[in-house]
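Visitor: Those protein sequences? They're chains U and A, same order as listed.
So for the first sequence, my numbering puts the first residue at 1; every next one is plus one.
So for the second sequence, my numbering puts the first residue at 1; every next one is plus one.
Misleading hints may appear alongside valid ones.
Where chains are identical, the list cannot tell them apart; a pair therefore holds if satisfied intra-copy or between any two copies.
As the list claims (entries may be wrong) - Okay, derived cross-link-like pairs now, BS3-like style, lysine-lysine, Cα gap no bigger than 27 Å in a straight line: (1) K71 with K164; (2) K317 with K133; (3) K317 with K134; (4) K35 with K372; (5) K141 with K372; (6) K242 with K133; (7) K244 with K65; (8) K372 with K164; (9) K268 with K242; (10) K141 with K110; (11) K191 with K61; (12) K58 with K242; (13) K35 with K244; (14) K110 with K61; (15) K164 with K110.
If you're looking for bench data, these hints aren't it; they were derived computationally from the structure.
If you're wondering where the values come from, they're calculated on a predicted model, not measured in any experiment.
There are 2 protein chains.
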Amino acid sequence: MKKAVEDQQTHPLFRQVYEYIINRMERGEWNAHDKLPSIRLLAEEVKVHRLTVFKAYKQLKEDGKVYVRDKSGYYVSPGNMLSPDFEDNAIVSSYLLTNPLSDIQRVPAKYQFSQALIDPNLLPNLYLSDYVKKVFDLYPKVMGTYSTVQGDEELRETLSRHFKEHHRLQLSPEELLITSGAQQAINLIAKIVLGPMDTVLVERPTYSVAMDIFRREGARLVPIEITPEGYDLEEIEALMAKHKPRMFYMNPTHHNPTGYTVPVRQRKLLVELAERYRCLLVEDDPFRDMYFDEEPPPPFFAYDTEGWVIYISSFSKYVAPGLRICAVACRYPFMDRLITAKSLADNGTPLLNQKIFLHYYTSPRLQQHLVKLRIALQVHKEIMEEELAATGWEWKAPQGGLNLWVKLPEEISVEVLFRLCAQQSIAFVPGEILDPLGEMKSWIRLSYSFANEGQLREGMRLLRAAAGSLQS
Amino acid sequence: MKKAVEDQQTHPLFRQVYEYIINRMERGEWNAHDKLPSIRLLAEEVKVHRLTVFKAYKQLKEDGKVYVRDKSGYYVSPGNMLSPDFEDNAIVSSYLLTNPLSDIQRVPAKYQFSQALIDPNLLPNLYLSDYVKKVFDLYPKVMGTYSTVQGDEELRETLSRHFKEHHRLQLSPEELLITSGAQQAINLIAKIVLGPMDTVLVERPTYSVAMDIFRREGARLVPIEITPEGYDLEEIEALMAKHKPRMFYMNPTHHNPTGYTVPVRQRKLLVELAERYRCLLVEDDPFRDMYFDEEPPPPFFAYDTEGWVIYISSFSKYVAPGLRICAVACRYPFMDRLITAKSLADNGTPLLNQKIFLHYYTSPRLQQHLVKLRIALQVHKEIMEEELAATGWEWKAPQGGLNLWVKLPEEISVEVLFRLCAQQSIAFVPGEILDPLGEMKSWIRLSYSFANEGQLREGMRLLRAAAGSLQS
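Construct the entire structure; sequences and hints are all you get.
Guide: Given below as structure tokens:
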């Protein structure tokens with residue numbers, strides 16, 4: 001390795017050491033379970049500080065390239081695959097079992113802008129406790145009883161009525177499956193629908209965990225941009241005709257991360273396209289009720305008459321997230337297969353969680369709570385926007401949801417900013433992770449829903465300052 | 001179709017109609033979503049009673065071959081795969097997404113001998129309610145908070161201490177992952193370890209859902225008999241050398257369904273074999289505490305020094321089954337991968353469930369409860385054995401667990417007996433479902449843990465009578 005030259009912004013020293021080691025692994029100089037040189041030895045070899053080597057080793061460990069054993073050193077991890085293959089500008093595929101979003105969110109941070117979750121302090125915790133106690137009085141044996149695979153009948157009946165009243169969805173309780181959160185729902189659907197080499201249409205940007213799940217099934221991803229005006233339906237049709245995707249994974253209402261909402265007129269048209277090209281629409285809708293001024297348009301599911309839409313309605317974000325209750329609505333015979341997949345996954349969501357959810361969900365308290373929550377979220381959003389106003393960065397104010405999707409000037413390296421922020425205990429999500437094409441390197445997702453008002457202001461100021469230090 | 005001849009025991013009439021329809025599907029006379037002839041029409045065509053056609057259609061629907069729409073008739077289900085390929089006497093593979101055990105257990109029955117679960121009335125439900133309320137006092141924001149992916153630290157610390165004290169397992173909290181039940185644990189492990197065409201060693205008979213999960217990953221199953229004396233270690237070594245299995249899925253303590261327990265001397269030897277042939281041992285241990293007289297031998301995990309055993313310790317059966325809490329113990333770097341797989345599956349088990357479990361698990365009440373439960377289960381077992389004594393059927397009395405594994409005389413068709421029993425609301429599990437080779441047609445699994453004492457006696461008498469009606 002050439003004598004390392006420090007270039008803090010584009011190629012920090014520890015990154016160079018990192019790549020040095022990766023290259024040697026790829027060339028076969030080290031194999032799975034081989035012991036890497038000690039930190040001291042490598043530092044002498046490449047003439048850098050031991051701390052720099054340590055940083056590189058730490059990053060390698062976080063990336064799963066090496067592991068530590070018995071405090072005795074670093075060893076090469078087996079099974080490391082090379083970078084994704086790019087077959088086509090529009091298609092990317094990867095077989096790495098990774099979850100970079102989860103890795104980021106796992107790091108504790110004082111100014112927590114990386115988790116699109118709601119601050120527990122904004123949830124009515126004391127009232128939830130009351131409902132739990134009520135559940136035990138109503139169902140004394142709930143802890144000793146398993147739910148059916150499909151989910152508690154009383155809960156499905158209640159949800160079916162709710163969907164009819166609120167969204168005019170014609171839905172029987174038999175067309176609902178209760179899952180342990182939306183992520184499980186995505187997993188079950190992917191398992192049934194996707195085989196190796198199948199194509200999935202995804203928004204660009206999108207929820208990265210969904211991409212990781214699809215890739216793990218061996219599927220190829222075809223991206224379609226989402227904009228404040230929705231999608232380019234002609235482009236969607238062209239992609240459907242060309243790639244014959246099995247499904248289109250979408251989050252068209254208060255989209256994560258952009259906050260955009262696909263307009264009504266596109267909803268019916270897209271359902272018709274799905275039917276014509278036999279492409280399932282998997283509609284993930286966790287942020288529907290987190291609107292600021294007015295309710296969003298009805299779900300795509302409301303426009304579907306032939307069974308091409310699978311509707312994932314997750315209440316986790318604001319109704320006792322800790323319970324992890326989600327409902328998947330779809331028609332038969334797909335529901336038969338989904339139930340079998342659920343039986344193999346865990347044979348049924350815990351009954352206790354379903355009953356607690358049911359009783360809280362039907363309480364008048366929830367509606368009051370939702371009203372307050374919407375106001376609180378709007379306040380949070382406005383604080384973040386005020387702090388951003390001073391920067392000159394670009395973003396579109398969302399009509400709902402938990403995030404701002406912000407474009408930074410090209411001269412600022414988001415990668416460097418991310419690390420600077422990490423040092424100051426500020427976390428956010430670099431846009432690159434949410435882009436199927438792995439680009440969008442100037443965008444970042446900032447969640448305003450988790451930090452409190454003080455942390456929002458302070459964190460944003462520190463973020464601004466860090467970014468400022470990277471500008472000329 | 002030749003005029004149907006009734007042969008009640010070996011080839012009942014509705015079965016002939018069933019196969020008639022299946023053959024036409026396989027020959028392509030009907031395709032996915034085609035409407036089948038009406039019951040009346042088919043009955044006239046093949047000259048059988050309409051009820052017989054109805055039975056056949058009903059069985060086809062239960063088997064996923066047809067579905068019902070709008071009460072307007074029966075339609076061919078898409079995606080029906082043909083029967084499993086048998087490549088080798090020892091290896092079976094299948095790509096059907098099925099769960100026959102779950103299908104059986106889903107049918108309500110008055111005399112419920114098919115669910116290896118504990119009667120909720122035997123669980124201390126009132127005390128559990130108290131603990132739940134205590135949890136809310138201790139952790140007021142528990143409903144609004146997500147767990148970490150790996151699981152609540154307090155819970156993992158407690159379990160780590162428990163494993164040290166009870167099984168002398170050297171285990172840090174970092175080497176434990178909390179999952180939402182043992183089935184999820186099996187899924188995560190299978191996803192990481194198995195790729196298409198990989199081989200899995202399984203016991204014969206075994207837990208059928210695990211087989212379904214492995215097959216779904218495209219793996220091939222190689223069976224090894226489990227006997228009252230344990231395994232044939234020489235045969236295991238030969239199979240490991242020949243097939244190079246990636247893992248051996250085992251349930252060696254109060255095995256389900258047989259009740260056998262692998263003796264101590266085989267445990268260390270098998271761990272050594274696993275290390276030599278680089279075959280992971282996945283030890284599923286849900287029935288450890290359900291012993292009658294004396295504690296079983298330590299887990300295989302206790303004999304493992306090199307990280308070849310993955311230990312699944314599920315408490316669900318007797319500690320608040322409704323919570324679905326399970327702990328997976330394994331060494332790094334495998335644990336890193338397991339955590340990533342968990343993050344993709346559902347990003348963490350609900351915190352509420354973990355905290356409730358933790359507080360109940362550490363209570364003196366649980367130990368008292370366990371003592372009573374063991375006695376109750378032994379009473380149940382003895383009732384069932386008394387009723388069986390009159391039959392002359394064969395079984396080995398287990399030292400623990402929830403089931404009897406019983407061999408019927410060859411002249412009795414278990415398939416026919418199953419249907420006769422279903423008509424009388426008696427459910428059990430035909431051994432065929434639990435056999436990787438799909439044989440063992442004379443065995444049945446009878447669970448004594450779910451029905452109450454009265455139902456046990458009555459149900460067993462009816463079962464005996466039904467079997468008697470099938471004998472000459």
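Visitor: So, for every hint listed, does it hold in this structure?
Guide: Right, here's what the structure says about each hint:
1. Taking identical chains as interchangeable, the C-alpha atoms of K71 and K164 lie at most 27 Å apart only when they sit on different chains, with a minimum of 21 Å there against 59 Å within one chain.
2. In this homomeric assembly, K317 and K133 come within 27 Å of each other (Cα to Cα) both inside a single copy, at 22 Å, and across copies, at 23 Å.
3. Taking the shortest Cα distances, K317 and K134 sit within 27 Å of each other both inside one copy (22 Å) and across copies (25 Å).
4. For the homomeric pair K35 and K372, neither the shortest alpha-carbon distance inside one copy (55 Å) nor that between copies (52 Å) is at most 27 Å.
5. Within a single copy, K141 and K372 get their C-alpha atoms only as close as 34 Å, which misses the 27 Å cut-off; across copies the closest is 18 Å, which meets it.
6. With identical chains, the CA atoms of K242 and K133 are never at most 27 Å apart, being 55 Å at best within one copy and 57 Å at best between copies.
7. When the C-alpha separation of K244 and K65 is checked against a cutoff of 27 Å, the pair qualifies only between copies, where the shortest distance is 26 Å, while the shortest distance within a copy is 35 Å.
8. Taking the closest pair of Cα atoms, K372 and K164 come within 27 Å of each other only inside a single copy of the chain (25 Å); across copies the shortest separation is 48 Å, beyond that limit.
9. Taking identical chains as interchangeable, the C-alpha atoms of K268 and K242 lie at most 27 Å apart only when both belong to the same chain, with a minimum of 22 Å there against 57 Å between chains.
10. Taking the shortest alpha-carbon separations for K141 and K110, only the inter-copy value of 19 Å comes in at or below 27 Å, while the best intra-copy value is 41 Å.
11. For a Cα distance limit of 27 Å, the shortest separation of K191 from K61 across copies, 21 Å, qualifies, whereas the shortest one inside one copy, 30 Å, does not.
12. Taking the closest pair of Cα atoms, K58 and K242 never come within 27 Å of each other, the shortest separation being 43 Å inside a single copy and 40 Å across copies.
13. Taking the shortest alpha-carbon separations for K35 and K244, only the inter-copy value of 26 Å comes in at or below 27 Å, while the best intra-copy value is 46 Å.
14. Taking the shortest Cα distances, K110 and K61 sit within 27 Å of each other inside one copy (23 Å), while across copies they are farther apart (55 Å).
15. In this homomeric assembly, K164 and K110 never come within 27 Å of each other (Cα to Cα): the closest approach is 42 Å inside a single copy and 35 Å across copies.
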